[in-house]
Amino acid sequence: MMIRPYLYTLLFLFLTVVFSIAIGSVFIPPADLGRILIGWLNKAAFSEPLKTFSFIITDIRLPRTALVLLTGAALGGSGAAYQGLFRNPLADPYLIGVASGAGLGAVLAMSIKWPYSFWGLMAVPAAAFIGALLTVVLVYSLARIGKTIPTTNLILAGVAFGSFATALTTYLMLRSTGELHRAITWLNGGSSQAGWGPVLTVLPYLAIGLGLLLLSGHALNLLQFGDEQAQQMGLPVTRARTLILLAASLATAAAVSFSGIIGFIGLIVPHVMRLWFGADYRRLLPLSLISGAGALLLADIIARTVMAPQELPVGIVTALVGVPFFLWVLRRAKNQGYW
Amino acid sequence: MFRNLLFALLIVTLLVACGPAGISTPTAVSTEPPASAEPSAPPITLTDGLDRTVTLAGPAQRVVSLAASNTEILYAIGAGAQVLGRDETSDFPAEALSLPTVGGYSGFNLEAIVALHPDLVLAGGINTPELVASLEQLGLTVYFLPNPATLEEMYINLETVARLTGHESETAALVESLKARVAAVDDKISPLSYRPTVFYEMDATEPTKPYTAGPGTFVDLLIARAGGLNIGAELQGQWAQISLEQLVVANPAIIILGDAAYGETPEKVVQRTGWLTLAAIQAGQVFPIDDNLVSRPGPRLVDGLEAMAKLLHPGVFK
Numbered sequence: 001m002m003i004r005p006y007l008y009t010l011l012f013l014f015l016t017v018v019f020s021i022a023i024g025s026v027f028i029p030p031a032d033l034g035r036i037l038i039g040w041l042n043k044a045a046f047s048e049p050l051k052t053f054s055f056i057i058t059d060i061r062l063p064r065t066a067l068v069l070l071t072g073a074a075l076g077g078s079g080a081a082y083q084g085l086f087r088n089p090l091a092d093p094y095l096i097g098v099a100s101g102a103g104l105g106a107v108l109a110m111s112i113k114w115p116y117s118f119w120g121l122m123a124v125p126a127a128a129f130i131g132a133l134l135t136v137v138l139v140y141s142l143a144r145i146g147k148t149i150p151t152t153n154l155i156l157a158g159v160a161f162g163s164f165a166t167a168l169t170t171y172l173m174l175r176s177t178g179e180l181h182r183a184i185t186w187l188n189g190g191s192s193q194a195g196w197g198p199v200l201t202v203l204p205y206l207a208i209g210l211g212l213l214l215l216s217g218h219a220l221n222l223l224q225f226g227d228e229q230a231q232q233m234g235l236p237v238t239r240a241r242t243l244i245l246l247a248a249s250l251a252t253a254a255a256v257s258f259s260g261i262i263g264f265i266g267l268i269v270p271h272v273m274r275l276w277f278g279a280d281y282r283r284l285l286p287l288s289l290i291s292g293a294g295a296l297l298l299a300d301i302i303a304r305t306v307m308a309p310q311e312l313p314v315g316i317v318t319a320l321v322g323v324p325f326f327l328w329v330l331r332r333a334k335n336q337g338y339w
Numbered sequence: 001m002f003r004n005l006l007f008a009l010l011i012v013t014l015l016v017a018c019g020p021a022g023i024s025t026p027t028a029v030s031t032e033p034p035a036s037a038e039p040s041a042p043p044i045t046l047t048d049g050l051d052r053t054v055t056l057a058g059p060a061q062r063v064v065s066l067a068a069s070n071t072e073i074l075y076a077i078g079a080g081a082q083v084l085g086r087d088e089t090s091d092f093p094a095e096a097l098s099l100p101t102v103g104g105y106s107g108f109n110l111e112a113i114v115a116l117h118p119d120l121v122l123a124g125g126i127n128t129p130e131l132v133a134s135l136e137q138l139g140l141t142v143y144f145l146p147n148p149a150t151l152e153e154m155y156i157n158l159e160t161v162a163r164l165t166g167h168e169s170e171t172a173a174l175v176e177s178l179k180a181r182v183a184a185v186d187d188k189i190s191p192l193s194y195r196p197t198v199f200y201e202m203d204a205t206e207p208t209k210p211y212t213a214g215p216g217t218f219v220d221l222l223i224a225r226a227g228g229l230n231i232g233a234e235l236q237g238q239w240a241q242i243s244l245e246q247l248v249v250a251n252p253a254i255i256i257l258g259d260a261a262y263g264e265t266p267e268k269v270v271q272r273t274g275w276l277t278l279a280a281i282q283a284g285q286v287f288p289i290d291d292n293l294v295s296r297p298g299p300r301l302v303d304g305l306e307a308m309a310k311l312l313h314p315g316v317f318k
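Those protein sequences? They're chains P and A, same order as listed. Going by this note's numbering, the first residue of the first sequence is number 1, and it counts up by one from there. Going by this note's numbering, the first residue of the second sequence is number 1, and it counts up by one from there.
In case anyone wonders, no lab produced these hints; they're calculated from the structure. Hints should not be assumed to be uniformly reliable.
Below, simulated DMTMM-like cross-link-like pairs (lysine to aspartate or glutamate); rule was C-alpha separation at most 20 Å, straight line [to be verified]:
no., chain 1, residue 1, chain 2, residue 2
1, A, Lys310, A, Asp259
2, A, Lys209, A, Glu267
3, P, Lys113, A, Asp187
4, A, Lys209, A, Asp259
5, P, Lys51, A, Asp187
6, A, Lys268, A, Asp290
7, P, Lys113, A, Glu130
8, A, Lys179, A, Asp303
9, A, Lys188, A, Glu306
10, P, Lys113, A, Asp51
11, A, Lys318, A, Asp187
12, P, Lys147, P, Glu228
Residues of chain A clear of chain P, computed beta-carbon distances all greater than 12 Å [what the hints assert, rightly or not]:
no., residue
13, Arg52
14, Gln82
15, Val102
16, Glu111
17, Glu130
18, Leu131
19, Val175
20, Pro191
21, Gly237
22, Thr277
23, Ala307
24, Lys310
25, Pro314
Backbone N, C-alpha and C define an ideal beta-carbon position, used for all residues, glycine too.
Okay, chain A solo, but in the shape it has when bound (with noise of 0.2 Å):
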C-alpha cells in the first residue's frame, strides 16, 4: 500500500513537473520591421469579426492567409507582393499556388505559420476561433475576416483588408468596378418579368436526395440578384437536402450544376434514373458552373453574379 502510494507520488511529481516550470515567458516573434509607404504611418487599429481589436503599427507587409477567399481577395486588391503563405484550399489566382501551405484541411501547422514570421495573419470564416486563440497566445496578430452576408458586406471586407495592408486606394477603384457591374447586372433584370425557377446542385452522389443551396447561402443571394428563383430557399439549413420527388413537384426551368468540378456533366445528369421528367432536362437547360465563383466571399461573387446572369437570362446578356 505504502509502495503504492509512493508510486503514484511519483507519477504524479513527473506529470506536474512536465509543466511550465522553468521555461521562459514566451515572447512574440521578431519581425522585420514593415517598410511602409508613408515615414510616418499611423497605427491601424480595427475590430474584427470576433469582437477582437486589432491593432497594427503599419499596412502589413508580411502576410499569411488562412482561408482561400481572404488569398483571392488580398490578390484583386494589389496587395499580392505581401502574402507570405497560403492554406492549401487557396488555388487562385495561379500565383498563389507558388506560397508555401500552412495546412487547410486537416488543421493548421502553427510551426510552420510560426516560422514565416508573419506581422499579419488573416483568418476567414471558414477557420475556428480555436485556431484564432492559438495563433493570438504564440503572440502573432491576427485578423478575423467573418463571412459577409450581402455583397455590401464582401465591399466593407475588401476595404478592410485594403486598410490591413495599405492599398486603400486601389481598392477604391475595384469597389466601384465592381458596383458598376454589379448595377449593369441590376439594370438588365429589373425590367424583365420572367423569373426562372433555379435548382443550384451541391451535390447529387445520392441522385434521389441531392443537395441544394438553401436560403443564406451566397448562391441563394447570387440567383435572386441574377433574376432567378431558387428553388431551395423553401427549404431548410443551409446545405439542404432535397428529395427527387420534390424535385419533380418543384420542377425547375433550369439546372445549375455546383459540383461540376467533380465530375458532374450535363450528359452525365441525363442519365439519372427519374430525372429524365424534369422540364430543364427535356429542354436541355443542365449547365455547369465553377462553384468557386459563386461560394467564395470574395471579389469574385460578382464574376459568378455575371455568370449566373448569363445561364439565367441567355438573351439579355451576351
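With the rest of the complex left out, here is chain P (with noise of 0.2 Å):
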C-alpha cells in the first residue's frame, strides 16, 4: 500500500485545521497562541486577553473547524463515490437531486414560525436533511426498471426532480415575508449554528455514511467494467449500487442540512486525487475524503478573512478558488486520458 497519497493528504488536512484554529477575524499572535497551548497542557487558568483568544478557540473555532472537516470529507468522499457509480467525470454529490431537496425542505422549514427551543432549532436542518433523503428515494424509485437501475434513467429522473425542486424553492421564496434574505444565505452554503451541536448530531450519518463508502472501493473498481462485467466478476452489482448510492446520500444529506449547498468540493477533489494518484477506488475513497476536508477547510479560512469581519458564503469561494485551481492542475495532468 502507498504511504506517500495518505501522507501528502494528511499533511494538508492538518496543516488547514492549524490555520483554521490560529487564523479567523479576530487576530490571534502566533506568541499567545503558544502561550493557550501551553496553558491548556498544564491546565492553568488565563487572564485577559488570554482568557478571550481561549475561548474563541474552543467555543468558536474548533467546532467550526470539526463541522466544516466533516463536510467537506462527506463531500469529497461522496463526489468520488457518484463518479465511480456513475462512470461520468460530471457526476458530483447532488447528481439526484440531493441539494435541490435539502434546499426545498429548507425553505419550506424557514417559512414557519418555529418555537425557540432546541426542536424549533434543529427544524430546518431536519427538514433539509429528510428533504435531501426523500428525493433520492423518490428519484430511486422513479428510475427503477424491476430489478435494476439503469444509470442514465437515474440521472435522467435526478436531474429533472432536481429543477421541479429548485423551481418549487424559488417560488416558496418569492412569495416569502421577509425569509428570503435567510433562505439565499442558507442556499449559498455557509455554517449558520455554532457550537459542538452540529457537529454531533451529523457524525452519526456521517460515520455510517462514510464508513460504509469506505468498505466499497473494491466494489467500485469492479463497477468501472461496467455492470454485466462486474456481475460476471462476482459483485452483486443492484446490491452493491443501491447501498453505495444510499451511503452516498446519507453522507451528502447530513453535510448539506447544517451547512448549505457548497458546490465543487464534490465535483473537484475527486479529479484532482484520480489525476495525482491514479483512479484506484480502494486509495482514492479515502484520499478524497482527507483532501476534500482539506479543501474546504482552506475555502472556509478564505471566505472568513478575506473580507473580515465580514464573511463570504463558502460556496462562492470554493467556485472561485477551485476553479482556477482543477483548471490547473488539469493543463499539467501528464496522463492525459487519465478517466
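Assembling the complex is the task here: the two chains are given apart, and the hints tell you how they should meet.
Quick look at the structure:
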C-alpha cells in the first residue's frame, strides 16, 4: 500500500486544521497561541486577553473547524463515490437532486415560525436532511426498472426532479414574507449554527455513510468495467450500487443539512486525487475524503478572512478558488487520458 | 477486506476524536463590572420576542446592536455611549458609523462579537433565531426585539430598550414627544375627506412589473395614518408585485419612490415606457422619499409619517 499519497493529504489536512484554528477575524498573535497551548497542557487559568482568545478557539473555531472538516470529508468522499457509480466525470454529490431536495426542505421549514427551543432550532436542518433523503428515495424509485436501476434513468430522473424542486424553492422564496435573505444565505452555504451541537448531530450519519463508502472501494473498482462485467466477476451489482448510492446520499444529506449547498468540492477534489494518485477506488475514496476536508477548510479560512469582519459564503469561495486550481491541475496532467 | 475495515475504523476514530474530548467546558466571557447609575440596582428580567427570559444584573453598559433599527433606537434614547459595535446596515446616526462592525449582509462574525465583550447583544426581527441561539451558546446575553406591527408596539420597544440600558426617564419624554407629533398629524388629517391613492414604489428594475409595499408593512401603516390609500393594500404578500396594467387601472394620484436611494428619480420614471398614461406622472405628482424613514422599525417612523403626510396633503402640512 503506497504511503505517500496518504502522507501528503494528511499533512495538508493537518496544516489546514492548524490554520483554521489559528486564523480568524480576530487576530491572535502566534506568541499568545503558544501561551494558550502551554496553558492548556498545564491546566492553567487564563487572564485577559488570553482568556478571550482561548474561549474563541475552543468555543468558536474548534467546533466550526470540526463541522467544516466533516462536511468537506462527506462531500469529497461521496463525490468520488458518485463519479465511480455513474462512471461519469461530471457527477457530483448533488447529481440526483440531493441539493435541491435539501433546499426545498429548508425553505419550507423557514416559512414556518418555530418555537425557540432545541427542536425548533433543529427544524430547518432536519427538514433539509429529510428533504434530501426523500428526493433520493423518490428518484431511485422513479428510475428503477424491475430489479435494475439503469444509470441513465437515474441521472435523468435526478436532474428532472432537481429542477422541479429548485423551481418550487424559488417560488416559495418569492412568496416569502421576509425569510428571503435567510433562505439565500442558507442556499449559498456556510455554517449557520455555532457550537458542538451540529457536529454531534451529523456525526453518526457521516460515520455510517462514509464508513460504508470506505468499504466499497473494491466494489467501485469492479463497477468501472460495466455492470455485466462486474456481475460476472462476482459482484452483486444491484445490491452494491444501491448500498453505495444510499451511503453517499446519507453522507451528503447530513453534510448539507447544516452547511447549506457547497458546490465544487464534490466535483473537483476526486478529480484532482485521480489525476495525482490514480483511479483505484480503494485508495481514491479515503484520499478524496481527507483532501475534501482539507480543501473545504481552506475555502472556509479564505471565506472568513478575505473580507473580515464580513464573511463570504463558502460556496462562492470554493468556486472562485477551486476552479482555477482545478484547471491548472488539468493542464499539467501528464496522463492525458486519465479518465 | 480486512484492510478496508481497519482503514474505515481509523477514519471513524479520527473523526470522533475531533469531538469535544478534552475541551474545557465553555465559560461565559468575563465582562467588566457594569457601572450602574444606582448603587444597588435590582436585576432586570424581561421576556423577549422569542419568548426567552433575559436577565441582566443591571442596566447594560456594553451593547452590540445587530440591526439598523436597534442602533437608531439606542442612540435616540440616549444610550449611544453604551454601544460598542453595530452591524453593517446601521448607518444612522452619523456617530454610529465610527463603531466597529460585526457583520450583517452575509452572516455575522461571532468572533468579533465575542471579542467586544458585550454584556448585552440586541438582536432585531431581521436576525435569525439560529444567530440568537449561537450567541446564547457562547455565553452572551441576547435580547431579541421583535418587529412592531403598530406605532404603539414601537413605543413599547423603545421603553424595553430603555429599561435594558437604564434610560427610562429620557425615553418617557421621547415617547411623549413622538405621540404628540403623531397626534398632531392625526388632528390635521381627520377633518380632511380627500384621501389620495398612493403607489409606493419599492423596486422597479422591471418597469412592467414593479414591487410595492403590501398589507402589513410599515409603509402601508404609515400611508394609511398619513391620510392616503395604499394601492398595495389589496395585493398579497409584504413585497407585493403589481403589473403595469393593474397600475394603470388603479391610476394612483401620487407615486412615491421608495427606491430613490438606488438612483430612481422622477425624471427617470417619466421616461419609462407606458408610464406616461398615469395621471400622477402627468400631474407631476412623483416624489422621492428616504426609504429608511418608513421601513426601519424605530423612532424615525414618526419622521417618515410626517414626511409622508407632507407629500400626501401638502396644503395642510407646510
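Status of each hint after checking the structure:
1. A:Lys310 to A:Asp259: Status holds; Cα separation ~18 Å.
2. A:Lys209 to A:Glu267: holds (19 Å)
3. P:Lys113 to A:Asp187: violated (38 Å)
4. A:Lys209 to A:Asp259: holds (15 Å)
5. P:Lys51 to A:Asp187: Cα-Cα ~58 Å, so violated.
6. A:Lys268 to A:Asp290: holds (17 Å)
7. P:Lys113 to A:Glu130: Since the Cα atoms of Lys113 (chain P) and Glu130 (chain A) sit roughly 12 Å apart, the hinted pair holds (cutoff 20 Å).
8. A:Lys179 to A:Asp303: Given that 20 Å is the threshold and the Cα spacing comes to 12 Å, the pair holds.
9. A:Lys188 to A:Glu306: holds (11 Å)
10. P:Lys113 to A:Asp51: Distance of about 13 Å is within 20 Å: holds.
11. A:Lys318 to A:Asp187: holds (15 Å)
12. P:Lys147 to P:Glu228: Status holds; Cα separation ~14 Å.
13. Arg52: violated (6 Å)
14. Gln82: holds (20 Å)
15. Val102: Val102 (chain A) not clear of chain P: closest Cβ-Cβ about 6 Å, inside 12 Å.
16. Glu111: violated (4 Å)
17. Glu130: Not fine: 5 Å to the nearest Cβ puts Glu130 (chain A) too close to chain P.
18. Leu131: Non-interface label fails for Leu131 (chain A): nearest chain P Cβ at 8 Å, not farther than 12 Å.
19. Val175: holds (26 Å)
20. Pro191: holds (35 Å)
21. Gly237: violated (6 Å)
22. Thr277: The assertion about Thr277 (chain A) holds, with a minimum of 28 Å to chain P.
23. Ala307: holds (24 Å)
24. Lys310: Non-interface label on Lys310 (chain A) holds, nearest chain P Cβ at 29 Å vs cutoff 12 Å.
25. Pro314: holds (33 Å)
Of the numbered hints given earlier, the model fails hints 3, 5, 13, 15, 16, 17, 18, 21; all others are met.
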